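Colleague: Residues per chain are reported as follows:
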Amino acid sequence: MNSTEPQIDRPNRRHEPSDNDTNVVLKGIGVSGGIAIGQVVLIERVTTEIFPQCMLGPEEVSLEVDRFTDAVKEAAAQMREIKKSMARRSPTDDHLYILDSHIMLLEDRMFFQGTKDAIVKDKVNAEWALSEIVSGIIKAFETIEDEYLRERARDIHFVADRVMGILTGGPAERKLPQLPPNSVVVAHDMSPADTAQLPRGRVLGFAIDMGGRTSHTAIMARSLKIPAVTGLEKITRRVFTGDTIIVDGTTGVIIINPGPDVIIRYRDRAELYRHYTQSLMPFGRLPAVTRDGAHSVRIMANIEFLDEAPVAREHGCEGIGLFRTEYLFMGRSDLPSEEEQLAVYRRVVEENAPNPVTIRSLDVGGDKLSPVLNLFPETNPAMGLRAIRLCFARIDLFKSQLRAILRAGVYGNCRLLIPMISGLQEVRRTREILEEVKDQLRRDGLPFSEQVPLGILVEVPSAVAIADLLAKEVDFFSIGTNDLIQYTLAIDRLNEQVNYLYDTLHPAILRLIRYINEAGQVRGIQVAMCGEMAGDPLNVPILIGMGLSELSMNPLSIPLVKKLIRSVTIEECQQLTRRAFKMQSAEEIHDFLETWLMEHFPNDHFVSR
Amino acid sequence: MEMTGSHAEKRLTVTTELGLHARVATSIARKLQNFVCEVTLVKDGMEADARSVLGLLLLAATPGSEVTVRAEGPDSQEAITEITRLLEDE
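One line per chain: the protein sequences are A and B, in this order.
Numbered by our numbering, the letters in the first sequence go through residues 440 to 1048 in order.
Numbered by our numbering, the letters in the second sequence go through residues 790 to 879 in order.
Keep in mind the hints are simulated off the structure, nothing from the lab.
Here the structure is a predicted model, which is why all the values come from computation and not from measurement.
Lysine-lysine pairs mimicking DSS-like chemistry, simulated, CA-CA at most 27 angstroms apart: (1) Lys578(A) x Lys832(B); (2) Lys820(B) x Lys512(A); (3) Lys832(B) x Lys820(B); (4) Lys512(A) x Lys523(A); (5) Lys560(A) x Lys512(A); (6) Lys578(A) x Lys562(A).
Throw the hints in and build the complete structure from the sequences for me.
Modeller: This is the structure in structure tokens:
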């Protein structure tokens, strides 16, 4: 560690006694693939326990108040600086406004005046007063029912940590000044300001207590292709800076202080992974045409954030088959404006032109947006007011999104995808609204595209049953397998008691897919698939055998899927499909496909172990 | 509204779309920077300094909640008018 580390007496160090054992294994959520072996750099959250309480003499009190005031000013200055540099780097960054709200918190009376009052009243040092005030505020927030409001407690943490860092003269504002090479960053949580400051190139991996797949660290790690595991809960209490650590971002496994044999094994595995992914990358640049040249498939990417688009293109996507828009609406107290949405849609459409970008209209349940929309709680949100139903209920919200999408269409090749359609009326109502929106745009004199195709996400069983009728009224189908399977088999994937029944290759599911595709082909409309099913090589031969012509998937799966498609012929896929349709259970079909792949391509690792 | 000299008090129902959320709380705190009176919001017996965004958020006042605005100072009536506008309009 550097020499500026605060020399503070730490009567009770925050860590539990170190596990001297080697090979301590923790399991979290693998959010960015690959293996990193490096040295821990623990980014400690400055917490109350490590600052002893000091009683002040009467003459010291006003000096202490000044010291606190200066620290807050310094914190505000630092945050403005970070904001400026972030704005330079990526002016449309979603995190700029978070930084703004953090700067405002610094001046908040409860926080600022509250701490000053506590210093004066209790005659204590600023660190102690601050930690008392902050933990009081956080406790109060924890009792709030509203999820959005409760989350604000994290903002206060980030802000208080920065001030605390300045007060203690410690590694100021959690800067990561001297990250040695081969660092694995271990932290409780990473704020947008933290991640913005990471020196790129020295961080091999991340292991984080908090967060899931869409946490800020996860997104950044994926865009930088750094292995990352989140949701580890207590890793910050199990490691010290300098510990050796293995991060397996593919499986979500962390190994602390691995023994020499384990290191060797993981080095081999990391090498294999690198070699394997690198050797696959060239396939991304090739078209996905079957070996016999008879069938070509358009391979697209599913993405959620603008940051992911460059990685998707590098992996060889030929457009975006699913651009999720939910994040624009979440984690905030108001609705995104039309202009704000336009800026995002425009960029993704422009960057991918002339390839198509399929923008899915808002696909969440009211439960996820309750802070913004103030809807009544529902007992069964999965079957409640969500997706297109929510859009019809909040027509203002829907219209502003449609306006932004139509306007983005001017900048490239943009398609509109409507989720959760269950009947024809919903398609017709959507068309009506689209016409209204276009009229309005004309009246407003704003440029927009008249040619944005309207497609539907086929994911509700009733939509499959009337696919022949729907095909007459829409421009394309995209099969959303995740929900289709869940609704068809009546299985909640997140329910551990029943999710063993969730079978992608259930004969019922395969029949539905075949039917949807046939209904589309009769009317000559494009049939795509954008569920997770499309990205698993195991399913690809049968999807091709059924005749699907567009598959959209996690960007990282693209090179392998392309390689597989280039290895098969349409005839063998059709033959395989005919055989699979004679089988009676998901298990039988699964085994058959697995064996088929391993027999035909013993050296290609199409089947994951 | 009840008024005695520099004291003013008013009960009102929050009707902004999202209740007393971050944006409204910020507007109130900012607005009060131009006032000298002390303003307190009370909801279900819980009090918050109207100049503190954190305090206002902690009231967790959803649309339809009843709050009392209490102001103490020479410009208290104007302050209450402004706050009423922010909590009832939009």
